[in-house]
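Here is what each chain is made of, one letter per residue.
2 protein chains.
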Amino acid sequence: MSESAMSDKQGAPADDPTYWAALGQQFRVDSVRVSGVAKSGHPTSSMSAADLMAVLYAKYLRYDFADPKNPNNDHMIFSKGHASPLLYAIYRAVGVVDDQELLQYRRLGSPLQGHPTPVLPWVDVATGSLGQGLPIAVGVALAARRLDRLDFRTWVLCGDSEMAEGSMWEAIEAAAFAGLDNLTAIVDVNRLGQSLATRYGWDTDTYARRFEAFGWNTVTCDGHDVRAVDAAYAEAVATTGRPTVVLARTKKGRGVVAVEDKLNAHGKPVDDYEAAIAELGGDQRLRVIVAKPTANGTPHRFDTDAAAALPTYEVGSSVATRKAYGDALAALGSTRGDVVALDGEVSNSTFSEIFRAAHPDRYFECYIAEQQMVANAVGVQVRGWVPYVSTFAAFLSRAYDFVRMAAVSQARLNIVGSHVGVSIGEDGPSQMGLEDLACFRALHGSTVLYPCDANQTAQLVAAMADLDGIAYLRTTRGNTPVIYGPDERFPVGGSRVLRSSPDDRVTVVGAGITLHEALKAADALAADGIAVRVIDAYSVKPIDAATLADAARATGGRVVTVEDHWAEGGLGEAALSALAGAGFELRVTQLAVSGMPTSGKPDELVTAAGIDADQIAAAVRSLLA
Amino acid sequence: MSESAMSDKQGAPADDPTYWAALGQQFRVDSVRVSGVAKSGHPTSSMSAADLMAVLYAKYLRYDFADPKNPNNDHMIFSKGHASPLLYAIYRAVGVVDDQELLQYRRLGSPLQGHPTPVLPWVDVATGSLGQGLPIAVGVALAARRLDRLDFRTWVLCGDSEMAEGSMWEAIEAAAFAGLDNLTAIVDVNRLGQSLATRYGWDTDTYARRFEAFGWNTVTCDGHDVRAVDAAYAEAVATTGRPTVVLARTKKGRGVVAVEDKLNAHGKPVDDYEAAIAELGGDQRLRVIVAKPTANGTPHRFDTDAAAALPTYEVGSSVATRKAYGDALAALGSTRGDVVALDGEVSNSTFSEIFRAAHPDRYFECYIAEQQMVANAVGVQVRGWVPYVSTFAAFLSRAYDFVRMAAVSQARLNIVGSHVGVSIGEDGPSQMGLEDLACFRALHGSTVLYPCDANQTAQLVAAMADLDGIAYLRTTRGNTPVIYGPDERFPVGGSRVLRSSPDDRVTVVGAGITLHEALKAADALAADGIAVRVIDAYSVKPIDAATLADAARATGGRVVTVEDHWAEGGLGEAALSALAGAGFELRVTQLAVSGMPTSGKPDELVTAAGIDADQIAAAVRSLLA
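Chains as they are written, first to last, in numbering that gives the first Met the number 0: chain A, 0 to 624; chain B, 0 to 624.
Honestly, the hints are just simulated from the structure, not real lab data. Since the structure is predicted, the reported quantities are computational estimates derived from the model, not experimental observations. Some clues are possibly wrong.
[What the hints assert, rightly or not] Here are the simulated DSS-like pairs of lysine-lysine, each with C-alpha atoms no more than 30 angstroms apart in a straight line:
#1 B:K291 - A:K38
#2 B:K600 - A:K38
#3 A:K600 - B:K267
#4 B:K291 - A:K600
#5 B:K38 - B:K267
#6 B:K600 - A:K519
#7 B:K267 - B:K68
#8 B:K261 - A:K600
#9 A:K261 - B:K261
#10 A:K267 - A:K68
#11 A:K267 - B:K600
#12 A:K267 - A:K38
Based on the sequences and whatever the hints tell you, model everything.
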């Protein structure tokens, strides 16, 4: 991107309403143009917010486009990501995108994608799934206050349609509760959704009452009156103790009669876009000079303790991997000042409470709001912190869209789901994570780990801190035997062969709690003279394909996989994918949870699910029959 | 369950505060006892709400326990499902659960599970994932108004901790917007969560302001003052035009000093539960006579048109499967009066707008609130209606916990995700459903369908109406060729072999858009003298294992799977699972989306993802090399 693509014309003074209005009009022209050329996109949703952004970028935003990593930069998140034409029109006016680049909008290879992603250095997170930008902005603003301890401001442009998303209200509550006066939400109330008018149209008072009831300062204004917008932002910046929302009445498609305030004009270019540009006054080449941050603070850094060591557990003892998670995370927090923990009000179940007690300044209580919890984590990692998010694995399903989008955002996020599988026992199926392996495997570039003992857990928790992308670790509620010594290492992508002999006739692949069942089965089979190879597939993704293939080949292609998870998308299918191209005869039996679980004792439920040691042994015998 | 387990003592008059208080105390005693015996459970969360439920069941609820299917029965949903001891204590007092059954709480085989499920005939839906009961209750109340057109009331008991869930606010908005005065939410504000105090403690005014701002009538009261609770319910029943919330200040663990209003007393039995029972006044055998509904209305039935037929499409034409979905659903709505449609404000993209135009009374606009959309669907199916839910497949990930719980609820739910895969093109990765197959396969008892043409789509849409459990169908944005005649049939669990000869050397398995790429590849390979078998695996779950195995065996174990989805948990792994036990040499190449997609034209992105016809042909050649 060229630094001075529009250097032919300098920006006007920051405080000139005539200039703001002209700049807004230019944003509309460029929004119409890029979507017209692309034959795709959301010009009308961009046109409504153009004046709002003109005033913001001309006067209020503090951002060094030449140094996107300046820690004192404000953050600006387009929660309504479909207004990408507006964002890119701004980038043209800033001078970081030139005319040629702009017209590559939505084309293969262009960083100017249909919805913004961090492929662009000025974009923090991918948006386009509505209801996520504000929650993530709350995370950024929380990081500013509690971690970085810097005075930059986080701005977020929201649509009115997305106010129906519950995630917005999780964020609104969280922001007010934390007193985030460094956060300003701008809601572009253009009244029209994709297919219908919104529930509340231009009734900004209704929105205001709700924000007020949740503890926000509110300003309503005409979003096309740049002086009113200016006054609203001034109030936002001056307000202390609570966040401010600017509720701006606007017209979708503003300025082009054919589409202004019209239904059926969402998400498509304006017909005859060149005529529309003429109607808007034609092309302009105004430049906007965005003020650089005046502050030059350095982010706060937390003290570390180089002597702190990961916890160790005695072989033969019995410890829950969730407990080892808490122990290890607290230790990691001592050695690494960048590690933070977030929990959804179950820290005494996930054992993140151990981290909370050790590092209260770096613990974020997110209450029972899993979407906001993940959004907070995405927000803090935008600022370079290393988040570990924990709740019951089952309840991570609540935040799956946030995790999905975090992968698009190239976020570095560590997620830990506790209470997996039927082995939780009495609480019953609502609390059992039985789909988490499938969900977390089905993310681009993700890592999925499932430790079987406490020492292995501690090692993997530490390893997660250095991984790219989404790393997921699942932990078990009950105690499991410690089988590995504290000095053993468990590389991501590896596995452990725990039983092996030249006489092995079947390979058994387990992980987590089923690994112990597999070992019991192996011992029982050995007593009957049947040797089996047992593999601990603690790294479910990437899985250790070479070791699995070697073992399968050595055991005549006979493999039993066993998991405390549904059969679909879990360990068994991961193993099958690894063996798919092996090119030898395969007879794989997948043992996984069958039938809807109920309440019961853990061991009863493991048996009822068909994944206990006896059933593994039976599957082995059956393959040999 | 015995009908008269407690016939030894009749219930007192419905309107006696002394009786209500005694009944509430009995509920506490039984809550303490069942969790004490089970050594597990949530007595303290039950004790706070006991008086609230005593007044409700003694005076307000209209429910014929002998006839749970009476369409005029009120509905009562425990959104705080962990208060199951209270619910089962009520059932004992009603007389539908006897003392012996009660003490089986949480044991294997008992229907009195840790969290309520519809294994019990008086339970509509499984709860236990907080923030879902109120949303589903809204769905039931909507069905009452718009579908059944009956005057029963829906009550829901919420916890205060779950008010942090955004899904609650989606529901609160939806209920007020629909004017659901047949809905009463009771919030047990006991101030304490699992690990910490809630954000707002006993500040019921804060909750009230929020509900009021969202359009509800609100009543705050002391939840242990049965006269005040009575007055609150009376107001709720008398209020018209909007729903009422009763915000009741209570004490968690009420009545037992060791746990009353104490942290660290969540989710575990009271120590020395027998002493606690004595402290509460000892065992009682009060009975509650729940009033039967006085109304005897019959649910409204919509007119049908027996002559209506599914749409048909000409072979060789080009039609988007999402369009066929809309056409077929509208036709199905004509032949079946029980079919309803729900959409998340993208009905002009999913084409549910065709149903909306044809059957406006049975279309539910859910706006951009996917959790509430699925909750509405769960609610209407509780009342026996057959819901079809649609939005972009990517955004169904927002409601995944609701779908997960719907499976636990044994709900019959049809879900349709549009805009799947990279083939949507310019909008980019945020809008691409790339994990939906994995997610929907990983549900107990689910069905997953992926049609490749319009006639097939119409047939499968119709078939879904008669399936149990969660049925998912994914549709494609762009037009695809119609390859099947309108009279062809596509049984769930089946497949179609589209290219077959004795000379076939490789099997290619596709579905949806990749099926067409597979056909192109087959034609190109045939021109080179390489015969391949092509299978249309439109039924991804259950998958046609027999046909796949036959084909794989006939082609020397050489198989290429190809899907517009991540490799994990999708069609390829489904096929591998089907072939896992085949016992012959397998060489399977899985083609799936590799790398994070960007914007671009659909065909460019299909190529970039590695799933186009040329790449299929290359994979075939590679297997033969």
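Here is how each hint holds up against the structure:
no., hint, verdict
1, B:K291 - A:K38, "violated, 61 angstroms"
2, B:K600 - A:K38, "holds, 11 angstroms"
3, A:K600 - B:K267, "holds, 15 angstroms"
4, B:K291 - A:K600, "violated, 37 angstroms"
5, B:K38 - B:K267, "holds, 7 angstroms"
6, B:K600 - A:K519, "violated, 54 angstroms"
7, B:K267 - B:K68, "violated, 34 angstroms"
8, B:K261 - A:K600, "holds, 28 angstroms"
9, A:K261 - B:K261, "violated, 56 angstroms"
10, A:K267 - A:K68, "violated, 34 angstroms"
11, A:K267 - B:K600, "holds, 15 angstroms"
12, A:K267 - A:K38, "holds, 7 angstroms"
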